[in-house]
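S.K.: For the protein sequence lines, the chains are A, B, C and D, in the order given.
Just so we're aligned, residue 1 is where the first sequence starts under this note's numbering, counting upward by one.
Just so we're aligned, residue 1 is where the second sequence starts under this note's numbering, counting upward by one.
Just so we're aligned, residue 1 is where the third sequence starts under this note's numbering, counting upward by one.
Just so we're aligned, residue 1 is where the fourth sequence starts under this note's numbering, counting upward by one.
Simulated crosslink set (SDA-like; lysine to any residue; CA at most 25 Å straight-line):
| id | chain 1 | residue 1 | chain 2 | residue 2 |
| --- | --- | --- | --- | --- |
| 1 | C | Lys-78 | C | Ile-123 |
| 2 | C | Lys-108 | C | Ile-189 |
| 3 | C | Lys-128 | B | Leu-19 |
| 4 | A | Lys-39 | C | Ile-189 |
| 5 | C | Lys-63 | D | Val-270 |
| 6 | C | Lys-128 | A | Leu-237 |
| 7 | C | Lys-63 | B | Arg-35 |
| 8 | A | Lys-125 | C | Tyr-206 |
Note that these hints are calculated values from the structure, not bench results.
Next come the chains, spelled out residue by residue.
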Amino acid sequence: MSTNTTAAAATGTREWRSRFPTVNYLNADYGIWSWLLTKDHKRIGLLYLISVSFFFAIGGAYAGAIRLELLTPMGDLMQSSTYNKVFTHHGIMMVFFFLIPAIPGVLGNFLIPLMIGAKDMAFPKINLLSWYIFMAGGLITFCALLFGGVDTGWTFYVPYSSNFSNTYVTLAGLGIFINGFSSILTGLNFIVTTHTMRAPGMTWFRLPLFVWSHYATALIMILGTPVIAITILLLALERLSHVGIFDPALGGDPVLFQHMFWFYSHPAVYIMILPSMAVISEVVATHTRKPIFGYSFVAFSSLAIAVFGFLVWGHHLFVSSQSVYAGMIFSMISFVVAIPSAVKVFNWTATMYKGSISYDTPMLYAFAFIGLFLIGGMTGLFLAALGFDIHVHDTYFVVAHFHYVMVGGTVMGYLGGLHNWWPKITGRMYPEGWARFAALVVFVGFNLTFFPQFLLGYMGMPRRYHAYPVGEPMWQVLHVMSTGGATVLGIGLLIPAVYFIWSMRYGRFAPANPWPGTGLEWRTPSPPPTENFLVTPVVTWEAYEYRPIEELQTIGPGEPDQPIDGQHPANRGTETEER
Amino acid sequence: MSEHIVPRTTYFAVFGALLVGTAITVAAANFDFGRMNDIVAMTIAVTKMLLVLLFFMHVRYSSRLIWVIVASMFFWLLILLLLTLTDYSSRDWFGSNVGGIMSR
Amino acid sequence: MSTHAEAIEHGHGPEAAHEALAHHFDNLEQQREAGALGMWVFIAQEVMFFGGLFLAYLIYRMKYPTAFMAASNHLNWKIGTFNTAVLITSSLTMALAVWATQTGRSRKTQVGLMAATLLLGFIFLGVKAYEYNEKYVDGLIPIAGWFDPVGHNVHIPAGVTTGQYQMFFWLYFAMTGLHALHMIIGAGILLPIMWMAWRGRFSPEYHSPVENFGLYWHFVDIIWIFLFPLLYLLGAHFGKGH
Amino acid sequence: MQSIPIPNISLPVPFSPEQASTFAPHVDALYVYLVTLTAFFTLLISAAIIFFAVKYRRRQAAELPRPIAGSMVLELTWTIIPLMIAMTIFVWGASIFFKAYRAPQQAMEVYVVGKQWMWKFQHQTGQREINELHVPVGARVKLTMTTEDVIHSFYVPAFRIKQDVVPGRYLQTWFEATKTGKFYLFCAEYCGTNHSGMGGYIYVMDQAAYQQWLAGGTGTESAASQGQKLFQQRGCASCHQVEAGGQQGLGPTLYGIFGKQQQIEGDGAVTVDEGYIRESILNPQAKIAAGFQNIMPTFQGQVSEEQVLQLVAYIRSLAPAGQQQGGAAAGAQTTSGPTTGGVPPQQQRSNPLHPSDVRQGNPAPQAPPAGGGNTGNANRQQ
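Could you put the whole structure together from the sequences, leaning on the hints where they help?
M.R.: What follows is the structure in structure tokens.
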């Protein structure tokens, strides 16, 4: 219509406002305090988005430093004490302040009330409190890093962390301890919300699988996090009183710390991956227009992962002097816990059969997730095999394995989810072409970074090494490949950061249901009004029940979406500016 | 679901039982039952806990969901304790030294 | 468990306008249920939090049974019994306070019962402080450089190392200290609830804060029910044999 | 477990370290199995996804596929088959693990002490080494390990063995080298500043070269005789009898005590093994032999972990010939004599990782010049 951007935007806005209620959660209130004191789960989700992005950037910068150092075997970029801090900071930032809160904090907070048809979380104030606790924990830890850092590794193994390290272990531990309560409160809110706030007709088996997965995540947060909290508290007390229950001088056993640490930290891996599986279930259903194959199996596999995930922590202790028999028990259950994950992968694949598969960016990330998570999961079986683990324990094989799960799984799911719900969150479309390109770059960069590390690990390169033997040229070749891949991956991650920010101002306006999806979140305007739905929704359909688009009701006033007109959703927005 | 109001007499009865339980556990501690010491003490403590849970905390009158939560917290606590014990109790089984000797 | 569906059946009625009803709930029943469920989930979290300490206790107790028995003998079981009775009584008064709000008794009764709970809680903490001081006098504070029972004429029997002794007291202070911290936090929460009760906020329709605080207080009581035999009574018969 | 034949593969596997121990072919065989499985499933799923993505791509914007709810048969199939495959991996992995952890009765014993940031070795024959270990090919070598400070992990990729060492405990691992050569030794558990520098080499030598190497040390004493000296110096002999049939002193007679059951005060009995001896030296009050007073002072802080191991070796040697536990199969005799050339290990730098980073430090105080060991240039930073 108009060629002038501003005018076009204005026209678009006007047209958009004519179709949808003018007030949404983003423009309901203005000013910094309307954000910092908000009790709206959607705004809290955005607060999390900003803060986890910040911590992710810091963690990513440390990762870059690690990769640069390992370009050469000599350890000549930084001193070993610096390097030790760098990998510790990378781990702490990524694990505690990105991977654990990312999807639950951002997408879980934003979507769960929308998906179940509630006005908000059950405890909006506690929800806000959990963000403040998260920020307090994050900033305290960040201060510890700024003041001089921590060099214990993110695992804080005693007695190094208690009696030997003279870095800021207590302060960083305090930050992580505080952050734990954020996780607990988030989990508490998810559980209570899912139980008590569902809309009329929203039975358990009509819930989107996203909610099931987050429910399972919340179980782990509630039952696991307190154990690491007490463990870190005991470690801090041991540092303060110079003596403690893990101290061999009193007859204490350092391995007890490892038990208590991994009791949380292994299930924590499922805190990181289950929400990502939640996203993938939604994305696969939406972008194949089919109900998830074997809904109840996928739903219960989440709960099975949450329960069995608590029984396997000892597989981190196979060479730690744990009893051989305990090792056998933990090993066997570790193989069992792999099965629910495998069931999910098979079901997602089966969902695509005879589907209507789109190549939109969220689906590209779902493809990437399934493939990479499969490799990550299968190499987990390698590590759960007792005799094999003796060789690869604490080597780059482990590093590659958990990056395939954490980056290939969690980060891919997070990016896929962000793209999938970006139109809902901001009311704007992201640029599809750039997004597909970035997804490809991320995929290539990721594999180039982490696949060589499997080979390095099997060849015997231990993890957390600042330098490696000069007499092994192949090791350096693989490290150089890995660093090259990390560069590509870093660029691939910067592209979405740029276009997401760009799209908030310049992106095309998104319709209520761009893909289209069947969940309740797609039946309210984009962005949603403050209390989510203009009238309380009554659910009369099953999960993922695809119908012709005309039959998809929108909740409350406002027209249903336009019929699909053969255009790509990104071009289907109401804003019609020519670019 | 309307809430159940527990009569005052129940509270007093439970209170009495808790005091008696305390007296018994103190009395029992002065006798040496050998390996049974802990079992006796823990049985009494668990009984007292159940009284508090069921009556003071109204679990007896609560929904099934609350029962599930109470059951699962004990289940998870047992996972933590028992699976860790599998390590500590079987360290000496495999040969005399391998897998670790505790000393000091 | 009620969902919105039932909520709608129950009707919004006059109670929907209750001043204590938050905007995002349909009715007080849903709100009460969410609150109670939240408290129980929180208690589950607390169980695991203390669970870590109980685990450490269990492991070292199994490894050093004699040392733990001997060290336990330095705790005064009479004081411990007294404190147990105090805490159980405070649980009773709290249960009665919940009952008083449920049945709509006068605010004097409500506040009186809560004040009794608070007072008993402070008595417990006072006794605890006295015990801690006793340990200080005997050089049993398990901090490096402070722990010196031998220098304070505390007899350590054969077959026990001072390290193992120190381990017991480390766990004793960690467990009872964390328990006491929960009581102090509880007292801090009880005060505003008493204020609300004094203002007449609670009624048979709305008394969630009292009820949920009651759950918390009873939970703290349960922790003590376990700490008492594990820490105080462990060595009661041990002293007699020697 | 031992009755199950554990598959092995002796062909070189790409991207793997040399196979230099009896475990290595077993681990590699499992590796090949696992890689095959992973490749199969990854290709299967990827092929399915690509095939579906192409065949069922969205052709019309409004198309609406027929919903498929699921299939119990398929669900059970892809639950049970992967579970069975996973169990094969479990059994296979566990059988290798058992083999690796069942230390042989007859083996050459070496004591290992980890310390920030070096590995100290002590042969039964007295040779001491830092960051280097010389062993004969084809002999079973049992390592009894501990650490003076934090947790370390003894890792030899070519042998496919790894064992954490934990302060306050003795842990054991063993290997049988199948190839002569020089193999990396790493510390695999993060242990502080110079973690990546805490490594060295295992030299596997044929019998002749090994005997030459053993003879190469000057003035080496067996661990037991070093322990005997310590025993005298520390005045242990004033309370503990060390000869058969002598009169009981204030402490238990140590002759022939190793490996026996010892009644202790209170209830029960303990086996007198390395751990119990160590505990009795460092924490004598912990388990007092029945019938004795609690009068022995602690030697905590007065003897190093290495010296404790020497005392252990001495007490083990106090038994009628032929009954000594374990027995050093290879080269049990005390060797001393002039240097006869042979392998000149002094030329080998102990730190393979970053020659540029080697700092000249003081000689390790507890490591006098011993046979073949690198002594002075240990990469010490304290």
